[in-house]
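> So the protein lines, in turn, are chains A and B. Residue numbering for the first sequence follows our numbering, beginning at 1 and increasing consecutively. Residue numbering for the second sequence follows our numbering, beginning at 324 and increasing consecutively.
Keep in mind the hints are simulated off the structure, nothing from the lab. Nothing here was measured: the structure is a model prediction, and the numbers come from that model. Wrong hints could be hidden among the right ones.
[Unchecked claim] Cβ-to-Cβ under 7 Å is the rule here; a few derived chain A residues that face chain B:
(1) Ser156
(2) Glu245
(3) Pro276
(4) Leu279
[As the list claims (entries may be wrong)] Heads up, incomplete: computed chain A residues facing chain B, CB under 8 Å, no partners named:
(5) Pro3
(6) Thr188
(7) Ile189
(8) Leu215
(9) Ala219
(10) Gly253
(11) Leu255
(12) Ala260
(13) Pro267
(14) Leu268
(15) Ile271
Cβ atoms here follow ideal geometry from the backbone N, Cα and C, with glycine treated the same way.
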Amino acid sequence: MAPVLEVKNLSTHFMTRRGVLKAVDDVSFTVGEREIVGLVGESGSGKSITGFSILGLVDPPGRVVSGQILFNGEDLLTKSPAAMRAIRGKRIAMIFQDPMMTLNPVLSVATQMIETVQAHDRVSRAEARARARDALGLVGIPSPEERLDSYPHQFSGGMRQRVAIAIALLHRPDLIIADEPTTALDVTIQSQILFEIKRLAAEFGMALIWISHDLGVVAALADRIMVMYAGRIVEAGQVDGVLTEPRHPYTSGLLSAVPAAVPRGEPLRPIPGFAPSPLSRPSGCAFRDRCARATDICATEPMLEIAAGREFRCFHPHLWSAA
Amino acid sequence: MTNPLVETVPLVEAVDVSRRFSRKLDYAEKIANLFGAGLEEKTVHAVDEVNLAVYPGEVVGLVGESGCGKSTLGRVMAGIMPASGGEVRWKGRPLTSLQGDDKRAMRLSAQMIFQDPMSTLNPRKRVLDLIGEAPKVHGIVKGGEMRDYVAALVTRVGLDPSYLDRYPHQFSGGQRQRIGIARALAVKPKLLVCDESVAALDVSIQAQILNLFMDLKREFGLTYLFISHDLGVVKHICDRVVVMYLGRVVESATPDELFDNPKHPYTQALIRELPSVTDRRRVFTPIKGEIPSPLHPPAGCHFHPRCPKAFDRCRVERPVLKENAAGHVSACHLNDLAANQTTNATAEPAI
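Using the sequences and the hints given, assemble the complete structure.
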């Protein structure tokens, strides 16, 4: 099965006055057809910039400095701005964390959705409106015909995120990139959205890149997981394997830092220290200053190892008896 | 870590506390009323007749979704926002009766730590002044000794004392939260009200801050009111968990009891929907609907429009908190059904 998306050696750097900030540094991954991939990492790890890079949304001083982004075999980085506009929203859609920032507060939902339909398809206003209404219905908004004429502030947070998802679905894209779309929502609402997204992705055969800092959400939703640290993917593999038998010390550190990992009331086991500044990352493995397993060799660049469908960059990976 | 609580006077206690926010009618609306429009002030019952006692040395978790009133209750109990009904008692004395030095002492003894330290730390002040100003003003430390005092505090919360002359923007999120904690500790408080204090932090930093909270509790004998939407965090550090929904307390129990044996359908839903790495449940069974507007809360039990088990009585009568087991109370009419079926005796509410 040909992958929908193939990212090869992507590097996105920001040229700042204080130096070159390597937000994304030599990242490679693929997303298969109908696959849900979770991209996790802490703030500043480069997971959002990876998503923006795919859609060509990186603004100066940021720039994709090298790599290839093959979408259905075509390199998006060589496309003209006009060609990218034809793909963005049509074949790749994006959902952001805060729909209040992405929806225009002075336009009704209908106006914004009709505009989105007509940006890519030559259809009448009435037909565009009908498609908008159907999309709202799909994501579980009650009485979509009336709600079309509402303004974003008249929706609750959860409903607003449903509107954003409906807009992303308007053109039945091959790939949706969702950047922390449920982070700001309450847990019962988050659960509703995850339920809908999973159903819709299966129904329309869409691939999904789900960017999140919440391992629990990714565990429940994704097929495959990629863990980013300091601009690099440090581990990737099937969700089951990565979360039960992590190879990279950072992945295992994340897993044991959550309160559920220790008996109630006992001290938690945080990863010591904090992530290095992206302007001054240490050479070699960026995690080595915080890593209990680090040795001298970690000052050199760890190569990507691939074993049994699992990829990781580490000289001292955890060994599991089954492996 | 849970000491058997000696029956003492609660450090802080909310008795039938309500907090309402209303918007006055503007001129146009008043004029419209003269012509018989019948417009009324819009009132939000953020907190609706809540009773909550926090005993010395206890860590009480207050959980609920956005808009449930947990932050408002926290502020009222910390004494930085007046109650519109009922009273808050500090060591048994109503806050409104405190005067002069007593009042000042109470204010200093209850400190808050907020979610976003960037919006609570003055960006134009150095760490030294941010932390040192309050103890200096209140005479806890003399001007000349301030620097050493603050240096000791920041060291205790895990910051390098050489950072004292830096400004808040020069720190990371986790470090800023540590500054906020040091600032609260600087006036030697008894009670810390933590309002979503770890919500904005990455998981590894969150674990560091939670450990710090637990260490400080032991070291300074602190009492916590820990407000959070994250049940996982609350379960871990609290001695007692109180669940709120739309301004009311719906359930309260020890964490083990609450998680093993939740009584209220809302608590059950919250626990079920909690995403977890260990429980790779691929099927979501979300509860329907959203939190109703607090401007027009549903009659009876506020949760009934979303509740899978609601029946007629839930739509008209407000359920009261009843004790299900020792120290476990919940407000749900299902309790009566269960009691009637098993014992046929009406249990006296003993809270």
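> Which of the stated hints cannot be reconciled with the structure, identified by number in ascending sequence?
Hints 2, 3, 4, 5 not satisfied by this model.
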